[in-house]
Structure formats: structure tokens, C-alpha cells
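K.L.:
Could you put together the complete structure from these sequences and hints?
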Amino acid sequence: MTVMEKGWNRLFGSKKKPLSDAAAMEPVSISEKPELRELCRQSSALEQFFQAFHGQAGLMVLDLGVSNQENTDFFNELGHRLRYDNFVRSLDESFGGGDYYANQDDEDRIEEFQAKVLNFDDDSLDGILVWDSLQYLSPALLEGAVSQMHSILHKGGQMLTVFHTDEKRVEIPSYSYRIQSHNRVKLVSRAQRRPAQYFSTRSLEKLFRNFDQVKFFLTQDSLREVIVRK
Amino acid sequence: MSTLPARSFEPEVPRGTATIGKSVLIKGQILSKEDLVIDGNVEGSVEAQENRITIGPNGRVVANVKARDVVVLGQLKGNIEASGRVEIRKGANLIGDIRYAKISIEEGADLRGSLEMIRVDVKPEPPKSTDVPAKPAAEKPAQQTLSAPAGGTGSK
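Residue numbers (the numbering used here), protein chains in the order written: chain A, 1 to 230; chain B, 1 to 156.
No false leads were slipped in.
30 angstroms max Cα-Cα, derived DSSO-like pairs, lysine-lysine:
1) B:K77 to A:K116
2) B:K66 to A:K116
3) A:K116 to B:K90
4) A:K186 to A:K168
5) B:K102 to B:K66
6) B:K77 to B:K33
7) A:K116 to B:K102
8) B:K27 to A:K116
9) A:K116 to B:K22
10) B:K33 to B:K22
11) B:K90 to B:K77
12) B:K102 to B:K90
13) B:K90 to B:K22
14) B:K102 to A:K186
15) A:K168 to A:K215
16) B:K90 to A:K186
For the record, the hints were derived by calculation from the structure and aren't laboratory data.
P.N.:
Next up, the structure:
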């Protein structure tokens, strides 16, 4: 176990739960008011994301995470425009109550969700910070959301996504991502949630097949960062 | 266990501040020349170009808000334009676009919309003129005053 893994386990715990059918049927569990825990680390994907911004100003970036002071200040200093759209919260509002993932097949709820999020003109965004939110979408909803993200990005625009790599975990930590610099990010734990599915490298390549480029960055904290370029 | 009733948050209302109470509903245009606290329901538009607008924790506002400073603790559906500072406090729920000179976002605030910073051009200081005669000491006692332009960013 590396020093970083030890540090991570000390902060976030390394408890793995066995996968069972009963657990798989449970609705999403969100720990109530989890203790605010955080870890700051280097992010190669973030570095790659900002490399494309070099020498430019006034770009429009969509952050699908929770609004926070750090990201706001960072983009202000770069002279870019930031838009927040709390994607996971919108998911919870539209599909919460009962079986979270079964609700994601309900056409009325899907319509309500689609009216709330990713409502942008085609080719209108220069970048999307998706963070870890795609992990909580059922396969059918996921395809539609990624297709919409592809449409609203400019040609050459990038998306940064994060996926948990530990397929044995029934619940995975959900984080708020705070940008500290062009290559450092602070992860603040928010809740434990059950993902819709496990994403392998192969399944991610398939998911992002319409994008021109897909790059993977493995981190030491059981996360796979992915940069895709339209 | 305490038998005291739970204390509800009451926003501090300094003198010279108008307040819309939590059982009040207003539909229409509000123009204010003093600071304004909205802890009730407002639908329409709210403007206080040279003052501060505070949406209290009970405030439910569906309106575009234009002011020098804007503080949000409750719910706002609409755009904000502030020549000074915007504060999005814990528990606030805001759906709309924000234009600001300065912004602070507290942990636990829910914001959905775009952020655009207003770049304030700093005016160069006028050159010191030696032509202006000094006022007699009797007219101007030993006291220094600082002045800021109306609607300026002195409170930032």
C-alpha cells in the first residue's frame, strides 16, 4: 500500500462491502450529512483540460458539480465564464423517491430531467467539468446525456469525467471537486451512493465513441479520470 | 433537552432598511432607494441600484434583481446584476445568471446558472492641481473626509 493510499484510507476509509443481490436492489443511499472530509491531489486530467485553454479568454465552461468558491475564483482569474448546473441534485429531484434507477425509465421523469439540465444550444460550450456525475445514470439515460453533451460542446471542446475503478464496491464516495490550480484538485466527500454500473476502460471507450479523442488517467485513489475531446 | 422554543433566524435589519415580511406577497416592480430585506414572496423585478438587497431565509423571489450588493439566503429564481458584491449563503437556492464585481459562495449553497464578472475599470487619479487655492482653516476644520462615488464599490 502506497503512502498516498494509506493517507486516503485514513481519511475516507477502505471498507469494501460484498456485492449481493439484495444490496443491488436497494435504492440509492445517501449518507446523511457526511462529515466533511477532503483530500488534495494532483490531477493530470485537469492539467490536460486547461492546456487547451492556454492563451485564450472568455471561454464558456459548464461545471456539473456543486457550486463553490474555489472553482469560481479560478475561472474568474483566467477570465473565463463558468456556469454551474448541479447535475446530481437535478437527478435526485427528478428520480428520487422509490427505486432511483427504475425511476430513470419513467418517461415523464426523464422529460422533467431533460428540461432542467444540459439545455444549451449546439456547439455553445468550450468545456464541461462533468466530474463523477455520470456514474449515477442508468444505461439508457446515460447514452442520451452523453449524446447531448457531445452536441452542446464546440468542435475541439473537452469534457472531464471521473469514474470509480473499484468494481467490488456497492457504494462509492461522491465528491465535490474544488480546483486548486491548473493541475491540483481538492476532493471533498459528500455522500456514499450506489452507482448505476461499473465502468471498465472498454465500456468507457464505447460510451464516448462519438468523440474524437478519449484519454484515461489512473489515479492512486481508485478513480479513473477521463478526458474526451469532440 | 431544552424546553426553550427553537430560535428562528431573523435577519438583522439595520436602520434605513425596508423589509418585506415573510407573510407578504408582492407582484410587480420594486424600486428601492434604501437597503431592502425580502423575507416574503416577490414576483416581478427588484431594483436598488445604489443599495443592498437581501433575500432572507424565508424569501421566495421570482424576479430579476439589480442592486449594488445582493445577499441570498433563501430562494431566488431570476438573474442578479450587482455592481458590488454578491453573497450566496449556506442554504440559498438560486437558479439564474449572475453578473457581479465580487462574489462569495458559501458551502451548502445551491447555485445553478452562469457567472460573469463585471470588470470594473479603475479610474486614474486626477492630477494634483496647484491652481486650486487652499480653503481657509476656519472653513475646513482639522478633519479628513473620504468620499466615494454614488453606487460605488466602497462597501466591497
